[in-house]
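Novice: Can you make the complete structure from the sequences, with help from the hints?
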Amino acid sequence: MTSEVQTNVKDKTDTSDTYTKIVAVSSKTVMPGDAAMAAYAAGYPVKIKETCYGLVISGDKDDVDNVAEAVRNLDKNHIFIKDRGFPVGDKRRCRADRKGGQRPGFYTLSEEIGKFGVVGDALDIYYSDSPRIKAKWPERVDPSKIEKLIKKFDEE
Amino acid sequence: MVKVFIYPTNSFILSDLVMRAGHEPLVVMNQVREKVTTLGVDSPPMNITPEDPKTGLKYAAIEVPAGVRGRMALNGPLTEQAEIAIIVEGAPADFGCSGCNRTNELTKFLVRDRLDRSKILEIKYPESDEQIHEFVYKILDFLNTFND
Numbered sequence: 001m002t003s004e005v006q007t008n009v010k011d012k013t014d015t016s017d018t019y020t021k022i023v024a025v026s027s028k029t030v031m032p033g034d035a036a037m038a039a040y041a042a043g044y045p046v047k048i049k050e051t052c053y054g055l056v057i058s059g060d061k062d063d064v065d066n067v068a069e070a071v072r073n074l075d076k077n078h079i080f081i082k083d084r085g086f087p088v089g090d091k092r093r094c095r096a097d098r099k100g101g102q103r104p105g106f107y108t109l110s111e112e113i114g115k116f117g118v119v120g121d122a123l124d125i126y127y128s129d130s131p132r133i134k135a136k137w138p139e140r141v142d143p144s145k146i147e148k149l150i151k152k153f154d155e156e
Numbered sequence: 001m002v003k004v005f006i007y008p009t010n011s012f013i014l015s016d017l018v019m020r021a022g023h024e025p026l027v028v029m030n031q032v033r034e035k036v037t038t039l040g041v042d043s044p045p046m047n048i049t050p051e052d053p054k055t056g057l058k059y060a061a062i063e064v065p066a067g068v069r070g071r072m073a074l075n076g077p078l079t080e081q082a083e084i085a086i087i088v089e090g091a092p093a094d095f096g097c098s099g100c101n102r103t104n105e106l107t108k109f110l111v112r113d114r115l116d117r118s119k120i121l122e123i124k125y126p127e128s129d130e131q132i133h134e135f136v137y138k139i140l141d142f143l144n145t146f147n148d
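As given, the protein sequences belong to chains E and W, one line each in that order. Position 74 of the first sequence, counting from 1, maps to 74 under the numbering used here, and the rest follow consecutively. Position 96 of the second sequence, counting from 1, maps to 96 under the numbering used here, and the rest follow consecutively.
Source of the hints: derived by calculation from the structure; they are not laboratory data. Don't take each hint at face value.
As the list claims (entries may be wrong) - Simulated pairs of lysine-lysine, DSSO-like, Cα-Cα distance not exceeding 30 Å: (1) E:Lys115 to W:Lys108; (2) E:Lys136 to W:Lys119; (3) W:Lys3 to E:Lys47; (4) W:Lys35 to E:Lys47; (5) E:Lys148 to W:Lys124; (6) E:Lys91 to W:Lys54; (7) E:Lys134 to W:Lys3.
The structure displayed is predicted, hence computed values, not measured ones.
Specialist: If you want it as structure tokens, here you go:
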């Protein structure tokens, strides 16, 4: 006779239903601290980590989505959200456990967060009736110009 | 709502713009999440199992370096799910663990090969503020054409 012990206590190491999002704040009116307060005030059972650029939120998918949306509503065009693979405080990423060093993915994050100010302004213009800003992009050199140059050097 | 392949596959700006437009970005972070949050005693800490190189083999030949096949095990399924794509060329952040050029070339090739040209937006990475503005407008205009 076999006896099976059934338990509804979840294994603490099982995080397969954990969903994580990064929220970056690049607003003139909302600080990362304000975003954290709004996230706590949303009242969902999620884990929130405050960072220099915003927040990292971990929890069930719907809860995380709702909290992230509540934070984004503080300043819709200047608060940015993306998914993250590792949960908050994961030992494979946490610098305290890895004994310092750069956060893996820091350079990519730093590069893109540096552009959020202008991206936010662009979104303001896009969703309003303001005239769009035009830009000059580098163009490819016309091959006939290079041909002419080569011929000129040949003649010399 | 359509599934949008973005390149760089971990881009914060692209992922956010796609979500704003009401579509689903296909990002490598979700592939990583499945790996790192699933219980596995086979090969901690990243749970890379013998099945992963086999998945990679579907996209890259056996002679291709193991690193490319390993990365394709994550990137390959994204290319198959893509309904439309946004490919940004010359992103300076395209280095580090996402900077394997052979993998990136192969991933972009698979997307270009599978999708119709009208469903792919290819755009240069913006360097100036004005270019960032135009970059955002072009991407949102492109995404809005696929709204139901």
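Novice: Are the hints correct? Go through all of them and say.
Specialist: Hint-by-hint comparison with the structure:
1. Distance check on the hinted pair: E:Lys115 and W:Lys108 sit about 24 Å apart at the alpha-carbon level, within 30 Å; holds.
2. Distance restraint check for E:Lys136 and W:Lys119: the Cα-Cα separation of roughly 25 Å lies within the 30 Å cut-off, and the hinted pair is therefore satisfied.
3. Between W:Lys3 and E:Lys47, the direct Cα distance comes to roughly 28 Å. Compliance with the 30 Å bound is thereby established for this hinted pair.
4. Distance hint between W:Lys35 and E:Lys47 is fulfilled; the C-alpha atoms sit about 20 Å from each other, no more than 30 Å.
5. Taking the CA atoms of E:Lys148 and W:Lys124, the gap is near 28 Å; set against the 30 Å cutoff, the hint holds.
6. About 28 Å separates the Cα atoms of E:Lys91 and W:Lys54, which keeps this hinted pair within 30 Å; it holds.
7. For the hint linking E:Lys134 to W:Lys3, the alpha-carbon distance of about 29 Å falls within 30 Å, and the restraint holds.
In terms of the numbered hints stated before, the structure departs from none.
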